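S.K.: In case you want the letters, here they are:
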Amino acid sequence: MTLLRQYILPRIVQWFVVIFVGISVTFLIPRLSPVNPVDQAMGRLTSFQTMDPEATLQMRETLLDLYGLDGSIIDQYLNFWGRLIQGDLGPSFQSFPTPVTEIIGAGIWWTIGLLGTAILISWVLGVVLGSLAGYFPQMWWSKFLERVVITVYPVPYYILAFVLLMLLTYYWPVFPLVGGSRGDPSFTWEFISSVLYFGFLPALSLVIGGTAFRFIMAKALASTEITSDYVQYAELAAVPKRKILFFYIIRNTMLPQVTDLALSLGTIFEGALITEVVFGYPGVGYTLYNAINSGDYNIIMGITLLSIVGIATASLLVDLIYPLLDPRVRLR
Amino acid sequence: QEPQGLPVDVPREEMFVVDQIFRYGVAGNYNIWQTAGTTPHRHAMMDETLWYVDQETGERIYGAAISDPMYNDDFTQMTVELRDNLEWSDGVPFTAADVVYTVETLKATPELGQSGWHAQFNQFVDSVEATDDYTVVFNLLESNPRFHNIFETRWNGMYIMPKHVVENVEGDLGTWTNPDPVVLGAYLPTQYDPNGFWELYERRDNWETSVAGTVIGNPGPQYVLTIFYGDSSRKAIAMSRGELDVYFDADIEAFETTLDTTPTARSWYADFPWAYPNEVSTRQLAFNYETQPLFQDIKVRWALALALNIVELQTEYIGGVAKVTPLPVPATPSLTAIYLDPMQEWFENLEIDLGDGTMYKPYDSTVPDQIAAWAEEQGYTVPGEPAEVFGPGWWKFDPETAEILLTNAGFSRDGGGNWLTPDGEPFTIDLQSPPDENDAFRMANAAADMWSDFGIDVNLSGLERAVWEQNYFVGQVDVYTPWMNFALASGDSWPEVRGDHPKYYVPNGEDVRPAGGNAFFQGQRLQDPQIGEYIDAMAAVAPDDPANFETATEFFKYWTENMYAITAISFKKFVTWDERYWTGFPTAENPDLMPLYWFQGGKFAIQSLTPVS
Amino acid sequence: MSQPSKTPLLTIQDVSKVFQIREGFNTREFHAVDRASITIDADSPKIFAIVGESGSGKTTLARMVLGMETPSMGVLQYRDRVLAELSSKEMKTWFYKEVQPVFQDPFAAFSPLKRIDHYLYETVRNYKMAKRKDADAYIDEVLRKVGLTLAEIKGRYPNELSGGQAQRVAVARALITKPHLIVADEPVSMLDASLRMSVVNMFRKLKEENQVSVIYITHDLATAYYAGDQVAVMLRGWIVEMGTSEQVLGNPLHPYTQNLKTSIPGVNVSDAWNEKIDLAVVETDEYTRTGCKYAGRCPFVMDKCHNQVPPNFVHEGRAVKCFLYEDPEEMAQAAAGKSKVAVS
Amino acid sequence: MLTTIRDLFRFSPSFRLGSIILVLAAILVILSFLSPYEPDDRRAVERNEAPSAEFWFGTTSQGQDVFWMLTFAVRNTLIVAGIAVLIGRGIGVILGMISGYLGGAVDRVLSSIVDSFIVIPRLPLLILIASIMRGQMTIVALGVLIGILDWAYPSKRYRSQVLSLRERSFTHTAIFSGMNAWKIVIQEHLPFIIPFLLADVVSGFLFAIGIEVTLSILGLSDLDTQSIGSMIYWGNYYQSLLTNRVWVLIAPIGASIVIVVGFYLVSVGLGDYLDPRKRLVRLQVKE
Amino acid sequence: MGQPIIQTENLKAYYITQAYGVERTVQAVDDISISINAGEVYGIAGESGCGKSTLLKVLLGSYEPPLTVVDGSVTYHLDDQTIDAVNLTPEEKRSLRWKDISYIPQGSMHVLNPVRKIRDTFHDFISAHRNVTRKESMKMTSSYLRDLGLPDKVMGSYPHQLSGGMRQRVTIALATILWPKLIFADEPTTALDVIVQRGVIQMLKEVQQREGSTLILITHDIGVHANLADRIAVLYAGKLVEEAPTRTIINEPKHPYTKFLIESLPSLDGREERSSIPGRPPALDHPPSGCRFHERCPLAKDICLTIDPEMISVGPNHRTACHVVAEELSHEPAI
Ligand SMILES: Nc1ncnc2c1ncn2[C@@H]1O[C@H](COP(=O)(O)OP(=O)(O)OP(=O)(O)O)[C@@H](O)[C@H]1O
Ligand SMILES: Nc1ncnc2c1ncn2[C@@H]1O[C@H](COP(=O)(O)OP(=O)(O)OP(=O)(O)O)[C@@H](O)[C@H]1O
Ligand SMILES: [Mg+2]
Ligand SMILES: [Mg+2]
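Residue numbers (the working numbering), protein chains in the order written: chain A, 56 to 387; chain X, 103 to 715; chain R, 1163 to 1506; chain S, 390 to 676; chain Y, 349 to 683.
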C-alpha cells in the first residue's frame, strides 16, 4: 500500500502532469506560426482563378468553421481538450475532411514496424558488440570496431542516409527508391518479403546510426563494469568468458540501457522524420513533416500527442518495472 | 530487366509510370469536389469537363461538349450541346441531367468548395436546365461573356458528377469519400497507397465511350501508375532504373544526368534545347512598391532592367533552354501570333525618357540570335529560327544607360562604386526566391549577380517555398520572383488579369490572400487606376471579340512602358519521358497535344501512348 | 544515578528512526533505531562509546545526533535546544560549531580531487575562526593537537597520506570550530591495527586537553573499553545494555554483550571460540522480529522472549534489556509501561 | 595548465590527434577572415573545377572556391554548435546540479519540468519552430534554439550524478566545514562532473551539427549563410552527386566528421587525464 | 607438518608505472623467500601498504602489468609436480584455479554478482571447472552449505538480501567448494564486526581442517592470526622482517617492528595507555636505505641506515632480519 501511495501514485500523477504540459506546449506553438491553414487552403483553392472579395470572405468563413479555428485561442484550447477526451483529434486541414486518426493510422504501422525493428536490432547489436569491445579492449577487432564506430557516429544522420540511398539505389541499384511494400497487404510471403525488401535500406541507415551510438554507451559501461570486483573475481575463478560477458557484464549494464531502449521505443511515434523523408517511406514522420510545412495543426498535434504519450508511458513503465529488473533497488 | 522497386504487381509493359508531382495528403478520397480535393493526375485520369484548351495552339478541344458555348446577346444565357455517345464507367449513358445536377449540387453545397465553383455558381447562375438530353442552358444572374471559363480547362474545369450515383449518396456530401468512383474519364483508380505515394489506374473496359477515347481513338496503356519519388535527382534515378516513364520537371543537372544514364529518354525536343517551352506562364522579378518606395520611380525600374544581361541569364544560368519574353505573356506559338509578333514594331520603336529629356530605345531584337550564337558555340544545333526557339527579343544590356537613369533619379556612387540612394544610404535590395522553383531561383541568382556587378547591394535569400510566399503575402521583401501570366492560351487576357485590378489592393503588412484577387500581383502593392480601366474594358466584351485583344494589347504596352515588373523568361518544363516502354507522347515533331500530363487536359497525351514492343 | 547540575550536553530521548525497504513490489518498515535514550552530561568531558555489530543502527543514531537525519520519533536535544526546532541558519552558525563529525573512511571523507588542506581553510573561513592572515597559524596549532603540522600536509591530496594521517586531519578539521562534542563513527575500522591505537589515543588526549566530549562508535569492544568512559551496546536499533565501560565490558550481563566480548580475537584464545555462533541470515529479519530481537540466536532464550519485548531492567548499576534480569517488582512496572507502548 | 597540455599532447595519442584536428579547424576559422572572396560571392572562380593545386577542394557550379567556402562554413557551424552547447550544457549543468543537490521540493519541481521537456519530441518541435522562424533564422538564433532544446537529458544525467555525490562522505565533510550549497556544488561536485561534461559536450556538438545539417537540408535554416549544412544543401541542390562533382559534398561532410572526431578524441584524452585511476568507476556503480 | 607446497626464492615484484611521462617503480615485494608447508595455516601480517596483497597476487599467479616479477621464483608443489607459478599460461592457470588453488577475497559485498542469485553464481563457478549439470551443481552447493551450517534460504537469495556476515561466509564457501589444496585469503575479516569476524574465522578453520588444505591468510590484525595461523610472517615495506610459529611471535617477538605490532593490540585486560608505532610506513617508490624500518625504530643504529639486514635464524623455525637482534645474538653464547 505504501508503495502505491509513495511511489506508484506520484509517478502516475507525474505522468499526467507531464503529458498535460507537453500537450499544451505543442498546442500553442503551431498557433504562433504565421502559416495559417485557412489562408493556406484559400491560396490552394484559388490559385488558378481570381475570386471576388465577397466570395473570398465567405469561403474563409466556411473554412474557419469547418476547421474549428473560429473563436479565441482559449476557446480552441478548451474545445480541443473536449474533443480529445472523446478520442477525437479532429480533421486534417490539408486533407479535409479526413480525420487525423485515419491519416495517422495509415502511417503509424509502417513507422512502428520500421523503427521498432531497427531500434531493437541496433540495441542488441550495439549492446553485444559494445560490451564485447569493452570486455576485450586490447583485441585488434575491438580497436577496429571502435574506430569504425567513432568515424560513423559523428556522421550527421541525414548524410549517412543520403549516401546509403545514392549508393544502393543509383550507383548499385539494388533497393527501391520509394515506398514500403509491393501489392496489397496480405499474409503472403510475397507481401512480407516485399516489406522487408522495401524496409531494408531505411532500416539499415537507422541500424548503423543506432548501433554506433549504443556501441559507445555499452562499451563505456562495460569497461567500467570489468573493473568491478565480481567480474574480476569471476575472471580469477576462470568462469568462461561467454558467461562473464552475458551474465556478469551485460546483465549488470543492462539497466540504464533498458531504460534507453524503452525511451527510444517511446519516441517511435514521432517517426523517423528524416529517414522517412530521405527514403520516401510511408510513415508518420513524413506525414508530420508535410503537416508542419502546411500548418496542419491537427496532424501535428495528433502525432506529437502520440509521441508525448509514448515517451511518458515508456518512462513510467520503466520506473514501475525497474524493481523487477534490478533486485537491488531500495526505496528512499 | 524487371524493375524491382515498383510498389505494384502489374506487368511493366502494360503500365505507364508517371511522376506524381506531389505526395497526396489524402489517399483514397475520390470526392474531388471537396475543398481538399486538389489532385493533379486524378482529374486527368478520371474527370471530365466541357472543354479543353490546348496550351500550344490555344485551340479549343471539345470535352463533354460538342459545341462552343453559345451566349445570348447580353451574355445572360449560355447554351451548350453535349456529346451523345459518352458513357460513365458503369455503362450508364452521360446526359445533360448530369451537368445540371452537378451545377445545382455545387451551388447548394458550400462544403464542396473546390476551385471556388460553389461561390461562382452562386454569384452567376440563376438557374440551369436541360432542354433535352444533350442540351444544357444556363440562365445567368448578370451579364458574363466568360462564364464558360468554369468549364474550360487550362489547369482544371468543373468536374461533372454522375447524377445516378451522387443523388443516392446518403448523408453529407461534404464528408462523402466517393469510395467506388464512377467516372467519365478513361481510367478508374484500382489501388492506392494509403500514404499517398502512389496510385494505380486501370483503363475502363468501355474506354471508347470516354472523351479521350473518342477524341484520340487509341486505347492507351492498360495501367497508369502515378508515383511520387521526391526531388529531381530521385526522379532521374528512377528513370535510369526504368521505374519511371515520364517526369514533370527537373533541374537541368538532373535532366542531363537522365540523358546520360537513360539512352531512351528525351524531352520535347530530341536535342537542345530539349525542354517544353510552351507552358502558358512567365517569370518575373517583381517589385514591392511599398517596402522600397524608390521603386516608384520609373527610372529606377528601367535602370534595373537595363542592368540585366538577358543573354547571359538565359544561357549561363538557365542553360539556354527557355524562351525570353519582354511581356508577362509567354512566347508560345499562339500567344506569339496574337501579341508578341504584332507588337514587334512597337517594341522596336519604344522610347523611354532617361529623366533629362533624352529619349532612349531599350529594345534589342538580336537577343535570340545572340543566344543562338552561344548555343552553336556550345556545339548545339538550334532547331529552327532563333526567334521561334528562344523568344522574340528583350531589353538591351546597357549599364551605362542604367547609370544615367539612376543618376537622374538622384542616386550616386560611393567611393567603392556602390550605389547610394538619394538619401545617401547604400542602395540595398532584399531579393527572395524559392530554390525549389528552379528557373525562378536561377533567374534570381542571375539578377543578384548582375545587379551586384552594377554596384547594388543585393541580398539574395533562397527561402523554402512556404516562407517565401508568406513573405510576399505580407510584404516582407523588396523583390520577389513570382510567375505571372497575362493571357490564356486563347489570347483572352481578362481571366488572368482580373485579379490585378486595383480594387484588390492590400497595403503592405497585410496578408493579401483574404482580399481575393491575384496574390502574385498583389504582392507588388501596386495601385494604378489605369490598370483597373483596362481590366474593366476587357470584362465588358466577349473573349473572342477583336476589341478584347486590342484592349489587352494597349494594357500590355502601358505595363511595359512603366516596367511595373521585369519579365524575363517563359516557363519551360523538362517534361522528360523514357521511350523504353511507351511511345507516342507529344514532342516537338508531333506537337498536336500538350505534354502537361498533370493538367486535366493531360489525358490526351496519355491516351495517345502506344507500347514499344 | 547522578543529578546533573545543569542541562546535559546531549539528550537522546526515545528516539527512533523508521526506514522503508522495498522488496520487489512490497515495502516493509523497520526501525533502524528503536526508542533509544542516551544522556551525556555536561559536567566533564567524556568518551561515550556506542558498540554493536554491523547494522545495529549505530550510524543511523550518529547521523541523527549530527542533524543529518531527522528522527521519526522522539526528541534530540543539544544543551537546552531541541534539534528539530533549530533553524537552518542556527544549524550552520551554532550547532555545527558545537558538534562536529569524524567519518569512518578517512579517504572517502575528503574529495580525492581536492587538496586536503582545502577543508581546513574552508572551515576556518566559514566559521570565522581566525583572520585570513592568521589562518595558517591557527590551522597549524590545531594540527599539532593531533600530532601533525601544517607543513606536513599542505598541498597534499588525500591519497598521498596514510590512513592514520588522513584520519588525524579529519579530526583536526573537526576541532577547528572548537566543538564540545565530536561524533566519530567507526573512526578506526578502516585503519590497520597498528594505526588504530594512535587514533584512539588521540581521542583520549583530546578529551583531557581540549575538554571535548566524544561519541565514539565502534564494533571493536577492545578499543571501546580502552577509550570509552561509558558504553551503550546496540542491537538492531535497541540499546540493550548501557553503563560505565568497566561495568558493561568488564562484566557484561546481556547475552549479546557477552557474545560480543567473547568474539574479540584476542592473543589469548578463549574457549568460547569453539562454540559455533549464529549469524543473522537477513539482518532486517531481526529488525522486524516480535519479542526480543536477539531471541533468534540467544543461548539463553526463553519462551517469552519470542513474543514479548523485554523492558530495560536496572541491574548492577546499569540498564539491561533482557528478561534474565527481570525482578518481579520491576516487571509489574514494565508491564504497565508496555501496555501503553503497545498501542503504537 | 600549459604543462598539462604539453603532457597530454606528448603522452595521449588521442589528445594529440584530436587537438591537431581542432587546431586545423581553428586555422580554417581564422582563414575565413582572410578569404579573398566574400562569403556570398558567386562566379568568383572557374566553375565545376575538380580539386587541384589552385583550387584545393575544387569549385562549385556557382563558381565558388570550395576551400574558402568551407572556412566560412566551419566558422559558422562552430558558432552554431558552440552557442548550442554552451546554452544547452549550461542550463543542463546548473539545473541538474541544483536539483540534485537541493533535493526536496525544488528537485521535484525541476524534475517535472525536465521530464516534461524530455517528453516533448525535439526534432519535430525544432522543425516547427524553425519553420515559424523561417526567414529570420540566423546562425545565432539557430544556436540558441538548439541549445534551448538540448538541455533536458544532460540535466537529468548531472542530477543523478550529484545525487550520488551528495551521499558521499566528503559532501558531509564539506557541509560541516560550513560551506554553503553553492560552494559545495561548484567546488566539490563540479570536478567530478567534468569528465561527463566533456563527453557530453562532444555529444552536444554532434547533436548541434546534426540539427544544423538537418534543418538546412529541409530548407529551414538560413541557407544564405555558409555553413556545413547549407554547403550540403546547395551541393545537393546543384546535384553534385548525380553530376559526379562529389568534392562539393565531400568537403563539408568530411569537415563535419573530422571536427566531431577531433572533439571526441580531445575529450577522451582529457577525460583519461582528469580521471587517471578511473575513480569515476566507483562513482557510477554505486547504488 | 607436511612438505612444502609453495615456495618463493628471492622474490621481487615491482609496480612499474608510467603516466604522463613520470616513471615510478614501487618495490612492493622485495627479496622475499618463504616456504609454506602443505596443511598449515600461514599468516602474513603487516601494516597497510607493506606489500601483503602484492605478495599474495604473485603467489596466486594473478597479476598484470604494472605489477611485474622482476626477479626470483615462485614454485608450487602439487601432486608431485613442480610448477613454476611465474610463467603460467592462461590455460594452466585455468586448470589450477579452484580445483587446486583458490582465493577468498575481501569485501564480499562486491565480489558476488549483485544481480545473480547465489545458487547461479555457485553454478557458474562449479561448472567452469567440473563437467556438471545444473542439478548436480545445485546438489553439491546445498549439501556443502549445509555442512558449513549455512541455511538453505541463502541459495535463492540475491547477495544484497544477506547480512554482511552471511555474504562473507557464502564467499568462503564459493571459494572452497571444489576442495582446493591451497587457499589464499586476503584480509577476509577486515571491516567486519567482531561477531561476524568470529564466524568467518571459525568457518575458515573448519574448511581448512576438513581436507587439510593449506591456508595462506593475510591480515594486519594479529588477533586474527593468533586464532588461526600456525606460522606468521611479518612484512614491513616490502620486506620480510620476521617469521615464526604463532606462539613464538606473540610471546617472544624479536624484531622491534613485530614487538610494536603485538604491543599495540588493545585488550579488555586493562585501560592503561598503550603506545602506537610512531611515524608512518615509507613510500615504496623510494624506500629508505638500509633497514627500511630505521626511520621509525627506537633502537636504530648507524649500520641500520646503510646496510640492509639479512635474514637470520633466531630459534627453531624463527627467522628475523634486524641488525640489533643479530648483534645481540652474536653477543650471546651459541646454543
Ligand atoms: N537510508 C536508509 N534507508 C534504508 N535503510 C537504511 C538506511 N540507512 C541505513 N539503513 C539500514 O538501517 C540499518 C542500520 O544501519 P546503520 O548503518 O545505522 O548500522 P551500523 O550499526 O552503523 O552498521 P555498520 O557497522 O555496518 O556501519 C541497516 O540495516 C541499514 O541497512
Ligand atoms: N596498481 C598499483 N600501481 C602502483 N603501485 C601500487 C599498485 N597497487 C599497489 N601499489 C603499491 O604497492 C604497495 C603495496 O601494496 P599492497 O596492496 O600490496 O599493500 P597491502 O599490504 O596489501 O596493504 P593493505 O593492507 O592496505 O591492503 C603500496 O605502496 C601501494 O601503494
Ligand atoms: Mg555504520
Ligand atoms: Mg591489501
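Don't read these hints as lab results, they were simulated from the structure. Since the model is a prediction, treat every value here as computed from it, not as a measurement. The beta carbon of each residue, even a glycine, is placed where N, CA and C say it ideally should be. Some clues are possibly wrong.
Computed list of chain A residues with no C-beta within reach of chain S, every gap over 12 Å [as the list claims (entries may be wrong)]:
1) I84
2) A110
3) R115
4) W136
5) G137
6) G171
7) I176
8) F230
9) F242
10) S248
11) E325
12) L379
Restraint ranges, calculated between C-beta atoms of paired labels, are given here [stated by the list, open to error]:
13) Y/T365 x S/L406: 20 to 26 Å
14) S/V412 x R/K1367: 57 to 63 Å
15) S/V412 x A/R138: 54 to 60 Å
16) R/K1367 x Y/T365: 36 to 42 Å
17) Y/E357 x S/E556: 47 to 53 Å
18) X/L361 x S/V529: 55 to 61 Å
19) R/P1461 x Y/E484: 36 to 42 Å
20) S/V412 x R/I1183: 51 to 57 Å
S.K.: Kindly indicate which numbered hints from before are broken by the structure, ordering the numbers from low to high.
M.R.: Of the numbered hints, 1, 11 and 18 do not hold.
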